[in-house]
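Colleague: With the hints as constraints, model all of the structure from the sequences given.
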Amino acid sequence: MTVIYGLIILAVIVTIHEFGHFFASKACGVKVEAFSVGMGPVLLHKTIRGVDWRLSLLPLGGYCSMKGENDYQKAYEEGVDFVAGDRDSMYGCHPLKRVLIAFAGPFANYLLTVFCFFIIGLVGYFYYSPSAKIQLADEVYPEIHSAARDAGILTGDTITNINGTKIEDFAALYSEIAMNPDKDLQITVERDGKELTFTARTDLDKDTGAGKLGIMSLPDTYQMHESKRYGFFGSIRYGFSETAKMIKATFTGIASLFKGVKVTNAVSGPARITTMLGQTVQSGFKEGFRNGLCSVLNFVAIISISLFLMNLLPIPILDGGLILFSLIELITKKHISPKVRYVVQYIGLAVIAFLFCLAMVGDFKYFMGLFNAKK
56 MTVIYGLIIL AVIVTIHEFG HFFASKACGV KVEAFSVGMG PVLLHKTIRG
106 VDWRLSLLPL GGYCSMKGEN DYQKAYEEGV DFVAGDRDSM YGCHPLKRVL
156 IAFAGPFANY LLTVFCFFII GLVGYFYYSP SAKIQLADEV YPEIHSAARD
206 AGILTGDTIT NINGTKIEDF AALYSEIAMN PDKDLQITVE RDGKELTFTA
256 RTDLDKDTGA GKLGIMSLPD TYQMHESKRY GFFGSIRYGF SETAKMIKAT
306 FTGIASLFKG VKVTNAVSGP ARITTMLGQT VQSGFKEGFR NGLCSVLNFV
356 AIISISLFLM NLLPIPILDG GLILFSLIEL ITKKHISPKV RYVVQYIGLA
406 VIAFLFCLAM VGDFKYFMGL FNAKK
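Heads up: the sequence shown is residues 56 to 430, going by the working numbering.
Derived from the structure by calculation, the hints contain no laboratory data. Just so you know, these numbers come straight off a predicted model, no measurement behind them. Everything hinted at is true.
In silico lysine to any residue, SDA-like type, Cα no more than 25 Å apart, as pairs:
#1 K303 x D258
#2 K122 x L155
#3 K129 x G84
#4 K300 x N346
#5 K283 x E297
#6 K303 x T215
#7 K152 x F78
#8 K129 x G105
#9 K152 x E384
#10 K394 x I372
#11 K238 x F253
#12 K389 x G147
#13 K238 x N216
#14 K81 x R104
#15 K101 x G84
#16 K221 x A206
#17 K283 x I357
#18 K261 x K303
#19 K261 x T307
#20 K86 x H100
#21 K129 x V399
#22 K86 x S120
#23 K238 x D193
#24 K238 x A206
#25 K261 x M271
#26 K394 x H149
#27 K101 x A82
#28 K238 x M271
#29 K249 x E223
#30 K303 x I174
#31 K122 x M94
#32 K249 x A227
#33 K221 x L251
#34 K388 x Y131
#35 K122 x H149
#36 K122 x F162
#37 K283 x V351
Label pairs and their computed distance ranges (CB to CB):
#38 G219 x I63: 33 to 43 Å
#39 G179 x K249: 29 to 39 Å
#40 F78 x D141: 19 to 29 Å
The beta-carbon is built from N, C-alpha and C at its ideal position, and this holds for glycine as well.
Modeller: Okay, structure coming up:
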């Protein structure tokens, strides 16, 4: 059931992405020929208002097929230097419309992420966490470097603020540190009734890309907390602010790849994502409906914002590549030749294939680690 749950949720995320393309195509006057939930052989289909709606065999994605998507390939094969598309086709419409159609898919994922955090902010959830009173990790594990000790922080200090963000418990403390690897942090602590401020530079965990401060929680301070609930309009603000934080964290993670973080640990493939999604559904709802719902929505938000950013990369096979080419045409007022599009498309395929292989290696290591842990 774990895999089934994961596949269903992944299909929903991708389908919402494709619906972004669908509605933008309709708004821009470009004909949609087919819309499929799933990939591969078509199981069921029905034509409604000129669109062939399909349910396909492999629940690993979906597609929105628009008129004239492959016109440039036909033009290349025929040796033509210009794609003569109809006005209601992908390459016959204005370049700005093409930009809007391409951007609408990733933007749908952005809105999905905002919606997920909106619901989380609205319903709230319960969680267990120690207090923000800390112990230096090197007192228990001498081999661990403690950036906190270097900064002057001591065991027994209670961290109350990091870079202007109020810290309520160790969960919030961990999150703030993890999202700021290899950075200077202004940390305020409470010690003997006094507030003291220190500057500590976090370490970079090269296995995960997260920041480390060399501190530990005090287990005897564990207690249950309830997250803040923001009301309707407050939850809308919360949705946008948390989405912005996640985008920032994603860029931080990408930057960490150039600092020696293990790429195969940082990049997840479909197998690992599907399994983790399914596990989140199963484990989350065991702790109650609110906790289960928020756990699933949080994971959906992570995957969705990743799709948003990944698809905007200026790689020809992705939406970002189409946006780039269309903007070049818009600015230069010149059409890009079918031959250039064709060649660059294959370069894009090679890049995606390379990233896919990295993800597969990462997934293999992940599942082998789980298998060995069970022995």
